[in-house]
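Asks: Sequence:
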Amino acid sequence: MKKFYILVFFIGQLWSTEAQSLYPPIYDCYQQDPVLFSQTQPWVQQFEKLKWDIQQQVAALIQAEQVTVTQDKPYYQDLRSVVKIAGVLNKLDSVYDHFFIQAATVIQTNYMMQAGCIADQPAETKHPVLIDYLEEKVFQLTTQYASYEFARQLGFNSARVAIDQETNNWLHRDTALTASDPQLEQPLQDDYFWCVLNADWELSLSNPESALLQALENRMEKGKESKLKEILLIIFDNWREIEDILNWLNTNVFGDCHAVARASFKETIPLDRNSSPDLRRKISYQVLQRGVLFDGRATKTHLKGVARVYKKKWIGWGRDRMQQVGISYCTLQFDPCNNRPWPADGQPYIQVPNHRYTKSILQQTHPYALAIQSNAAEFLTFDIHYNSSYLKSIYLFGNRPCYGN
Numbered sequence: 010m011k012k013f014y015i016l017v018f019f020i021g022q023l024w025s026t027e028a029q030s031l032y033p034p035i036y037d038c039y040q041q042d043p044v045l046f047s048q049t050q051p052w053v054q055q056f057e058k059l060k061w062d063i064q065q066q067v068a069a070l071i072q073a074e075q076v077t078v079t080q081d082k083p084y085y086q087d088l089r090s091v092v093k094i095a096g097v098l099n100k101l102d103s104v105y106d107h108f109f110i111q112a113a114t115v116i117q118t119n120y121m122m123q124a125g126c127i128a129d130q131p132a133e134t135k136h137p138v139l140i141d142y143l144e145e146k147v148f149q150l151t152t153q154y155a156s157y158e159f160a161r162q163l164g165f166n167s168a169r170v171a172i173d174q175e176t177n178n179w180l181h182r183d184t185a186l187t188a189s190d191p192q193l194e195q196p197l198q199d200d201y202f203w204c205v206l207n208a209d210w211e212l213s214l215s216n217p218e219s220a221l222l223q224a225l226e227n228r229m230e231k232g233k234e235s236k237l238k239e240i241l242l243i244i245f246d247n248w249r250e251i252e253d254i255l256n257w258l259n260t261n262v263f264g265d266c267h268a269v270a271r272a273s274f275k276e277t278i279p280l281d282r283n284s285s286p287d288l289r290r291k292i293s294y295q296v297l298q299r300g301v302l303f304d305g306r307a308t309k310t311h312l313k314g315v316a317r318v319y320k321k322k323w324i325g326w327g328r329d330r331m332q333q334v335g336i337s338y339c340t341l342q343f344d345p346c347n348n349r350p351w352p353a354d355g356q357p358y359i360q361v362p363n364h365r366y367t368k369s370i371l372q373q374t375h376p377y378a379l380a381i382q383s384n385a386a387e388f389l390t391f392d393i394h395y396n397s398s399y400l401k402s403i404y405l406f407g408n409r410p411c412y413g414n
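If you're matching positions, the sequence shown starts at 10 in the working numbering and goes up one per residue.
Warning: the hint list may mix true and false statements.
Between beta-carbon pairs, the in silico distance windows are [to be verified]:
#: 1; residue 1: W61; residue 2: T118; range: 24 to 30 Å
#: 2; residue 1: A68; residue 2: N178; range: 28 to 34 Å
#: 3; residue 1: R161; residue 2: P34; range: 32 to 38 Å
#: 4; residue 1: Q40; residue 2: L193; range: 33 to 39 Å
#: 5; residue 1: E74; residue 2: I324; range: 36 to 42 Å
#: 6; residue 1: I359; residue 2: L31; range: 44 to 50 Å
#: 7; residue 1: F274; residue 2: F46; range: 23 to 29 Å
Since the hints were derived computationally from the structure, they do not count as laboratory data.
Backbone N, C-alpha and C define an ideal beta-carbon position, used for all residues, glycine too.
Please build the complete structure, drawing on both the sequences and the hints.
Replies: Quick look at the structure:
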């Protein structure tokens with residue numbers, strides 16, 4: 010019996026040691042530093058209030074839109090309700106994320122002026138270690154908090170939560186991030202609607218719009234065994250606004266005069282020391298052009314890009330909530346339906362970058378076919394930006410830069 014207790018003691022010590030090793034030693038200093046505590050507590054109190062407010066708004070949203078769940082499948086009234094809910098949840102997620110960015114920036118700035126735990130740290134490690142501590146131990150952040158609350162309160166496994174868990178496993182397990190980002194392997198690249206779908210990419214509508222039912226019936230009449238899920242994935246992959254969705258469903262007119270030039274490319278790239286001097290970072294991205302397909306017709310052209318920035322942590326990797334990533338593109342292609350260049354004046358179209366913290370998504374649908382007629386003259390180039398600075402060009406068609414980089 011004595012040997013048993015000794016064994017239990019050593020196992021407990023081993024578990025304790027392993028648990029402690031999950032964090033750098035400076036975390037102990039941070040935890041005991043009264044200066045840091047006094048600076049963080051007012052923000053933490055505001056943060057707890059914000060979380061409570063978000064919980065209440067999510068609960069009110071569920072009740073107002075009469076959302077229910079049966080056998081892990083969420084039921085909504087109609088498409089308009091689905092789009093509204095997704096919009097509200099994404100907005101609340103953004104409010105949550107931006108509060109942390111504001112709080113962490115102020116705390117970091119004030120604490121760096123104090124003689125605290127960071128005084129003896131090398132300059133290049135002061136900022137990221139403190140931010141990691143605030144994320145993990147002080148604010149204990151939840152990814153996409155409002156979307157998580159929505160799934161938790163309803164009691165279903167949403168695509169949003171399932172993919173976040175898969176992504177977390179990838180970040181913790183893949184020490185070099187050599188495997189593909191799980192978020193780039195999903196039926197919907199844009200995560201805007203992940204929060205309203207279950208992990209099987211399904212939902213049900215109690216009173217769907219007549220245009221949606223008609224679209225489903227039309228496909229059935231043409232001998233295509235189609236499910237509501239398939240049409241919804243097409244919709245969610247191309248539009249966010251209910252007006253655009255209903256306009257597409259009601260008109261559903263495609264000239265079908267020519268195929269759209271298709272291409273897609275994705276990878277995960279490391280940032281060099283000049284771009285990221287304080288620690289290792291990587292950006293995973295995917296860019297593409299394709300036709301918007303329905304009934305085999307694809308005269309609308311969809312251009313999309315998504316990029317996410319990750320940072321190396323004490324153990325594994327994590328989302329970098331404090332850095333910005335951006336995507337832009339430029340193109341000169343051919344409009345085969347009207348037999349003229351696009352843009353019509355023959356000058357390249359330039360889309361300015363959309364810089365966002367942690368993740369940036371670019372999504373545009375052009376109401377015509379875009380094709381490559383002359384490889385020597387036409388092109389489509391995407392640019393990736395990090396903290397508002399040009400980082401890399403991806404030549405999807407041709408090899409022309411956007412800004413002479």
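Asks: Of the hints stated earlier, which fail here?
Replies: 7
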